[in-house]
Amino acid sequence: GAGVSQSPSNKVTEKGKDVELRCDPISGHTALYWYRQSLGQGLEFLIYFQGNSAPDKSGLPSDRFSAERTGGSVSTLTIQRTQQEDSAVYLCASSFRQGANYGYTFGSGTRLTVV
Amino acid sequence: DAKTTQPPSMDCAEGRAANLPCNHSTISGNEYVYWYRQIHSQGPQYIIHGLKNNETNEMASLIITEDRKSSTLILPHATLRDTAVYYCIVRVGGGGYQKVTFGIGTKLQVIP
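Which chain is which? The protein sequence lines are A and B, in order.
Okay, so the first sequence: first residue is 1 according to this note's numbering, each after it adds one.
Okay, so the second sequence: first residue is 1 according to this note's numbering, each after it adds one.
Just so you know, nobody snuck in bad clues.
So, partial list: chain B residues that the calculated Cβ filter (under 10 Å) puts toward chain A:
hint : residue
1    : Gln38
2    : Ser41
3    : Gln42
4    : Tyr87
Keep in mind that the hints were calculated from the coordinates and are not lab data.
Treat the numbers as computed from the prediction; the structure is a model and nothing was measured.
Note that the Cβ used here is the ideal one computed from N, Cα and C, for glycine as well.
Let's have the full structure, built from the sequences with the hints guiding it.
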């Protein structure tokens, strides 16, 4: 596709429910990142995928958070037993591994609200 | 922790140049300086990047000091649509992986 696509754009869920957020990176981009942005805050790194290498999960805030990337393309971020503090905008970005002349391309994010 | 520091906010009159500073005193030799901006309710957008030479594109100019410890993003003729949060980050170029943290950026308000 022409850009990074994220779905849903908005998600309201009840506390304790599980949610799945989806990211479709730009075709050919081998690197994929998830960030979280709470209201008025900067971007908090969550997880990074690069090709077939083991992902860098060091930014995941708890074991309720997990992510996978199937076939080196689409990625899903799953939050189990959601809490109100999980409310934030979840941003996905992708980039070429080689020659990162254009840096990251971000999607428009998924706004998650836990009520 | 972010490897860059930026002022939290700035104002600029419409039509004037906006000069946004960034300090990156611990930058490594293989790290580039990247600038992004985030307009309300959108994902961050790439603006420009550089290693050590000054760079210019259709959006902005990037001035990097000779010691590479700081840089300035210049929007030559700011418009109201340039009101956004501007992020300065450093990261390796050429495909190397690096976990990058975005700080809170500079909130630029362009005033009519």
